[in-house]
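K.L.:
The residues making up each chain are set out below.
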Amino acid sequence: MADSKLLIVAKREFTERVRSRWFLVMTFIVPVLLSAAMLFPAWLATRSKPTAEVRNIAILDASGAELGARVAANLAADSTLGPATSGSIGPAVRLVSPGQLAAAEDAATHEVMAGKSIEGYLVLTDSALSGASARYAGRNASSFSTMDRIEAAVKQSVMMVRLEKQGVTPGTIDSLSHLSVHLSTERISERGKGVAGTTGLLAGIGVGIMLFFSIIFHGQNVLRGVLEEKTTRVAEVVISSVKPETLLGGKVLGVGAVGLLQQIAWMGITFWLVASLAPLVVKSAGAAARGAGGAPAISSMFGGFTIGMLAATLAFFLLGFVFYATLYAAAGSMVNSEQEAQQAAMPVMFLLMATWLMVQGVIGNPNSGLAVVLSWLPFSSPIIMPIRMGLTGVAPAAVAGSMVVAAVGCVGAVWLSARIYRVGMLMYGKKPNFRELARWIRYA
Amino acid sequence: MSNLAIDIRNVVKRYEEHVAVRDLSLQVPRGAVYGLLGPNGAGKTTTIRMILDVIAPDSGTITVLGRPNRTAGVLDQVGYLPEERGLYKKMQVRRVLLFLAELKGISARDASLRIDEWLERFSLCTPERDWGDARVDELSRGMQQKVQFIATLLHDPELVILDEPFSGLDPINAQALKDAVVELKRRGRTVIFSTHVMDNAEKMCDSVCIIARGEKVLDGSLAEVRQAHGTRNIALTLGDAAQNGVGDVLRDPTLVQKVDESTRFFEVELAANADPQRLLRRLVDAGACIERFELVQPSLHQIFLQRVGMTGVETGMSGHG
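Chains F and B, in that order, are what the protein sequence lines are.
Each residue of the first sequence is one higher than the one before, starting from 1 at the first, in the working numbering.
Each residue of the second sequence is one higher than the one before, starting from 1001 at the first, in the working numbering.
Keep in mind that a hint or two might mislead.
Stated by the list, open to error - Distance condition first, Cα-Cα at most 27 angstroms in a straight line; then the derived BS3-like pairs of lysine-lysine:
hint, chain 1, residue 1, chain 2, residue 2
1, B, 1089, F, 431
2, B, 1089, F, 243
3, B, 1090, F, 11
4, B, 1090, F, 243
5, B, 1089, F, 11
6, F, 430, B, 1089
I should point out that these hints are in silico values taken from the structure, not numbers from a laboratory.
Could you build all of it, start to finish, from the sequences and the hints given here?
P.N.:
Right under this line is the structure:
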């Protein structure tokens, strides 16, 4: 009997909200923004990868030790730049005497400015050979990764020339120096090796943002819904048919279902968008990225979120939502206008903001004492724990324990809110002070 | 089955600052049209809210249709029109009505049929325009009141409680409401309505209860109540404006308890043990030109003023509306 009324109230909340245009807009805009936020850094990264254009440079060799030829050979062999294409010119080595260097540089500068053949030029002198310095000038001089490749090639070449001077045969040097080391990042958690650390960070932040804003958004929705029922006085008719607790419970349940549906839609659409757009984004950045592996990079954007973690995140959303939504409902039932409502909701907002301010610290060091404490407090755990789960290994027992604490917090919040709500919904007039509020709570 | 629609016994409701209802007992027979009368702040709305279990009494018992009002399902038999009306503004009329009907335990299919019937009956669904598909806030105030009234009656309740139903109604809707109450009575339903407008109560009620300051002042059938207040009232009409001498007679405390005077019409309440014949003689002696001198039953309005007194009237108590 009472249960069916709870479902009727929840059904109304759910259908009225899902029917609204806002719901549709929000459900589709957020995944677009989220995917953009995930794909944009990936796109940027592929854009700034050193590409074959590194080879389109001139090397002005004034070292007198064939250093230039070595550098050219090393750049051509650099596997991270992809295979040498027939169309590219390849580093052109120009042997110059120290006296002609200034004139040769002038000529090269003009070539770069003309923008036809070369991107820039590298100057190698005696000081390069002694290991002190070399100079590069070019259009791509501000690209870190490109400069990294050139610097590596120069260092390797200097090393080879020196080894040769020490009597090591060129064949031995070639075989010894032929190496290609790529530093890939892996995260290690208590459960073993995970996936790429930096992408896990992104996913953790993404989850944190999503949880925080959904809880605020849907919590505020509950507040506005309660206020609407109070100010339009429809509450009195409804409460003559159902218990106030049923109305409160149904509202929180209905809005929560909307939130959950939206979360699942957000995750699903985001995954679909990222999965189907990522190859395009990566492909457009050129062949270079393919070397790093297109498909694994995409899955790693989701930071190794397992189904279990997804389920835990949704559970935490529900717990956080119930905790905050019932408190928001209590705030809404105390007052008679939107402005007063924002005031009354300040303490609730304060709890949420305090949690939010801690998020940065938690992301920085997910295993700090602060992070651990926050993932055990009912008001912050629903946001902090999922972030930590994404960033670092958290024992399943700890996750379950923190859920239990959050659930106990929810029971407390519901108990408190129901008492305030029951009295508040029928009280018109001025906002209650703390003494009056305490009296409401004490009413049987 | 109890033959009382409502049986309230020794109900008390205290708030921090005041007692809203003190030791109130009243019985409403089934099939009656019952007026709950009293000035503003008398405790009418508090009493109604307690009947509907919207608020709980501090002590006392409330029985509705023979069962305690907290029994599951009992209140599904009750239709309630609160004094402050309101509906979900952004919802479609049909959906609001469906929601409220479902809360009273009516199936969606059944409710839909009834909603169509009622919308037509209140001309909210005409060949030109079906307001049932409009949003509540697109409706005029009068139409919203009709929708609210439909919501009160949609589940065909055994007992209908209307709190100040006439406040804010235009004459046409007020007439529609009166017609609806008459029809409910004809079909054997019980109707309770609260009002501070005695004219409405006098025309519509079988029984009344007057409460003031949270206490019952009197109750009973309208006939009994009038009987109990006897024929100690005289309706007096003069042919011309009152002479000085006449005024002196009407102010004689041995004859007249109280007089409600207009220029030529007077409702005179006799003093205890005063003889109406002596009053008539005195008036004639004083040179009054009498058009009418009649012993009458007091109006509900007079009874109300007499029993509640001006002290029980806080604000806004008058015959208007």
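K.L.:
With a cut-off of 27 angstroms on the C-alpha distance, tell me whether residue 430 (chain F) and residue 1089 (chain B) pass.
P.N.:
24 angstroms, holds
K.L.:
Hey, residue 1089 (chain B) versus residue 431 (chain F), does the alpha-carbon distance stay inside 27 angstroms?
P.N.:
24 angstroms, holds
K.L.:
Starting from residue 1090 (chain B), check that the Cα of residue 11 (chain F) is at most 27 angstroms away, please.
P.N.:
Within the cut-off at roughly 16 angstroms; holds.
K.L.:
Assess, step by step, whether the Cα of residue 1089 (chain B) is no farther than 27 angstroms from the Cα of residue 11 (chain F), and give holds or violated.
P.N.:
17 angstroms, holds
K.L.:
Would the hint linking residue 1089 (chain B) and residue 243 (chain F) be met if the CA-CA limit is 27 angstroms?
P.N.:
22 angstroms, holds
K.L.:
When you check the alpha-carbon spacing of residue 1090 (chain B) and residue 243 (chain F), does it fall within 27 angstroms?
P.N.:
Distance of about 23 angstroms is within 27 angstroms: holds.
Hint compliance for this structure: no hint is broken.
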